[in-house]
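All chains should be built: construct the whole structure from the sequences, respecting the hints.
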Amino acid sequence: MIIDIHNHFYPMEYIRYLKDNCKEVSVFLDDQGRTIINYKGDYNVVVKSHIDVIERLKVMDKFKIDMQILTLTTPGIDFVNVKLSIELARIVNDSFSKIVERFPDRFRALAVLPMQDPESSIEELKRAIIDLGLNGVMIFSNVNGKPLDNSDFWTVYAEAARLNVPIFIHPTSPLNLKYMEDYRIVPMFGFPMDTSLAILRLVLSGVLDRYDSLKIVASHTGGVLPYLIGRIDMCFKMYPESKQNISNSPSYYFKNIYVDSICYDSRILEFACRMLGSEKIMLGTDYPHQITDIEYAIERITKLNISSGEKEGILSGNALKLFKISKS
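Residue numbers (numbering that gives the first Met the number 0): 0 to 327.
Honestly, I wouldn't trust all of these hints.
Said to hold, decoys possible - Okay, derived cross-link-like pairs now, BS3-like style, lysine-lysine, Cα gap no bigger than 27 Å in a straight line:
#1 K320 with K310
#2 K22 with K82
#3 K326 with K254
#4 K82 with K97
#5 K125 with K97
#6 K236 with K254
Worth flagging that the hints you see were computed from the coordinates, not collected in a lab.
Now the structure itself:
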């Protein structure tokens, strides 16, 4: 079995809602007739598989992907006022639930939350998991400029821990955007950096200490964190400021951090296996974004210098366990 945990889908109702109600983004057709969603710092080109489940299934069959765990993508829902964000969350989560209900053997999905309002986020989280049957939640790497370790959000993490569902952290417009808007640096460098910053702040703030059963998934193979673990632990050892909220070395908390396989380089994936453990890695394709390499994503895993059992774990076993998916 092969499960892709990092891919993206836009419900058409979401796109229409953005176009009609959200002045913070622009939705338009370019000179090639493609739908463009332009938002702070970057843009997305909407292709057929972003919005068409049947087209997506054809591609999944072509590449022998048995199941995808659907997620929204940028611009998300955090950039608008609370009222609109709540409405968008319900639109997306209801749409995902209907897709899963229609194709239960092919799709699962992660909920989005109106994180600007933690109380509403908790209510939507409970609705999405308990009523809609979604398998976790995706939040963005900052909430309209507010870092994820802000105390406002801790009640949301507490509820996710209580419900025993993972939180997938996906990047959005980086906090340090100013020098990334040239050369399309935002998706190239800014996204993995913002994810890394978000995860590190969650660790150092004590979120993963207080909610020690909470599981976090860091997109794009954890950004730069696998390469900086040694430096981070050394700084923690030497700097009193780093020890204010946690007593264990930062690397200790990686026991609850998972990553996808999206790194585009077999050498990097081999390194991630050594640093994090293959049991913490799951297949991701970033399909159908411009930078997806879905045609190589599975092969990159099958050629890793690890056991067949570890490969099976990355391709499906780890996801089955983390997201509590029963094999059909």
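Starting from K22, check that the Cα of K82 is at most 27 Å away, please. Distance of about 14 Å is within 27 Å: holds.
Is the Cα-Cα distance between K236 and K254 27 Å or less? holds (19 Å)
For the pair supplied as a hint, K320 and K310, is the alpha-carbon distance within the 27 Å limit? holds (15 Å)
Given the hint that K125 pairs with K97, does the C-alpha gap stay at or below 27 Å? holds (17 Å)
Just to be careful, I want the Cα atoms of K326 and K254 compared with a cutoff of 27 Å; is the pair within it? With Cα atoms ~25 Å apart, K326 and K254 stay inside 27 Å; holds.
Given the proposed pairing of K82 with K97, does the C-alpha separation stay at or below 27 Å? holds (23 Å)
The earlier numbered hints are all upheld by this structure, with none contradicted.
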